[in-house]
Amino acid sequence: MADETPKGPPARPDNRRRRLLRAGVALLIMVGGGYWGFGWLEHRLGVVIENDARIAADMISISSRVEGWVVKVPVGQGAKLKAGDLILQIDSREAEQKLKELAARIKEIKAERDEVLVEIRVMDQQTNHRLAAQKYRVEASKAALGSAVANVGLKKSELKRIEALAARRIASAQRLEQASSDLRVARQNARRAEAELASSRAVLLEIRATGGKSDALREQVTRLKAEQEQAFARYEQQRLNLEDRKIISPVAGVIDKTFIDAGEFVRPGQRLALIHDPNNIWIDANIRETDIRDVRLGAPVTVFVDAFPGRTFQGEVVRIGSATTSQFALLPSPNPSGNFTKISQRIPIKIRIPQEDGKFLPGMMVEIEISAGGDGGGPS
88 MADETPKGPP ARPDNRRRRL LRAGVALLIM VGGGYWGFGW LEHRLGVVIE
138 NDARIAADMI SISSRVEGWV VKVPVGQGAK LKAGDLILQI DSREAEQKLK
188 ELAARIKEIK AERDEVLVEI RVMDQQTNHR LAAQKYRVEA SKAALGSAVA
238 NVGLKKSELK RIEALAARRI ASAQRLEQAS SDLRVARQNA RRAEAELASS
288 RAVLLEIRAT GGKSDALREQ VTRLKAEQEQ AFARYEQQRL NLEDRKIISP
338 VAGVIDKTFI DAGEFVRPGQ RLALIHDPNN IWIDANIRET DIRDVRLGAP
388 VTVFVDAFPG RTFQGEVVRI GSATTSQFAL LPSPNPSGNF TKISQRIPIK
438 IRIPQEDGKF LPGMMVEIEI SAGGDGGGPS
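Residues 88 to 467 (the working numbering) are what the sequence shown spells out, left to right.
No lab work stands behind these hints, which were simulated from the structure alone.
It cannot be assumed that every hint is accurate.
What the hints assert, rightly or not - Here are the simulated DSS-like pairs of lysine-lysine, each with C-alpha atoms no more than 27 Å apart in a straight line:
#1 312 - 194
#2 344 - 185
#3 437 - 344
#4 344 - 446
#5 344 - 159
What the hints assert, rightly or not - Restraint ranges, calculated between C-beta atoms of paired labels, are given here:
#6 319 - 172: 55 to 65 Å
#7 163 - 327: 25 to 35 Å
#8 113 - 167: 30 to 40 Å
#9 202 - 357: 46 to 56 Å
The C-beta atom is built at its ideal place from N, Cα and C for all residues, glycine as well.
Could you build the full structure based on these sequences and the hints that come with them?
In structure tokens:
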């Protein structure tokens with residue numbers, strides 16, 4: 088009887104199903120991983136990713152136009168300000184006193200000028216009245232002289248007629264003497280009238296000469312007006328000096344840092360505080376030159392802020408730089424040895440992003456994903 092080989096126990100159906108299940112799970116993992124990998128690769132190819140980015144804002148340096156002692160600093164670091172709010176006060180007592188002195192000087196000059204103007208008006212009125220009266224006297228003297236001269240002519244004619252009659256013994260010697268006397272009197276009256284006319288004309292010239300004093304007063308008014316304008320200019324300058332002793336915020340914002348305390352001395356141009364407007368922020372990013380062709384103006388940007396993990400924010404490209412960041416380096420990188428190492432350059436861009444309840448602060452680090460835009464938008 089031949090030997091029979093013993094057979095093992097038949098395969099259990101449970102093991103077969105387990106192997107099939109493992110194979111199915113592995114296949115699903117491979118398919119899912121491939122699908123995820125394809126999606127990840129597609130996403131990477133469709134965006135420009137950069138982690139060299141940070142939130143920025145206009146940091147406004149507050150300084151003083153005048154010098155003096157600080158008497159009050161009512162706000163501190165982190166204080167929220169409205170435009171026009173007081174940041175610090177410089178001692179203004181001396182400036183106020185000078186302003187009062189200049190105001191008093193302006194009033195004094197104005198009073199003196201008004202007094203001279205009144206004097207000019209009174210003088211002009213008096214001069215005009217005297218001129219009118221004296222012109223009338225001159226005309227009357229002219230008329231009297233004309234009458235006297237005419238009378239002299241008549242008396243001359245009368246004397247000649249009497250002399251002719253006396254030569255023929257028709258007129259008496261007494262009548263001839265009377266005619267000669269009348270002529271002498273007429274000539275005396277004419278000389279008197281001529282003298283009166285000359286005197287009237289002299290008085291008229293004297294009255295007109297008083298207008299020279301009026302002209303001198305008008306020159307004084309002009310000089311006082313110039314002094315008043317100069318004093319007013321100094322007053323305005325001092326008023327600005329007084330206003331500049333109140334250091335106020337030019338914008339609504341937040342104080343980031345103060346550099347002075349009450350009791351310290353301030354000099355013109357000295358930095359006193361730093362402020363920024365929290366509602367005017369953006370993102371500065373430096374994009375590799377090999378990626379800039381995929382960046383366009385207006386491209387949507389997904390922003391990941393390091394301070395808020397797990398959250399995303401949306402922005403927009405609003406500016407693309409026209410030069411690489413190396414062109415603005417403080418220290419140049421010369422190559423005297425002739426050895427050259429090519430380094431990929433970066434181009435700055437600006438991304439607009441809305442403020443998030445004041446949470447975005449200047450200097451915060453962010454990562455960005457820019458939706459690729461083909462050939463890019465070029466510098467702007």
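Violations among the numbered hints, reported as their numbers in ascending order: Hints 2, 6 and 8 are the ones this structure does not satisfy, whereas the remaining hints hold.
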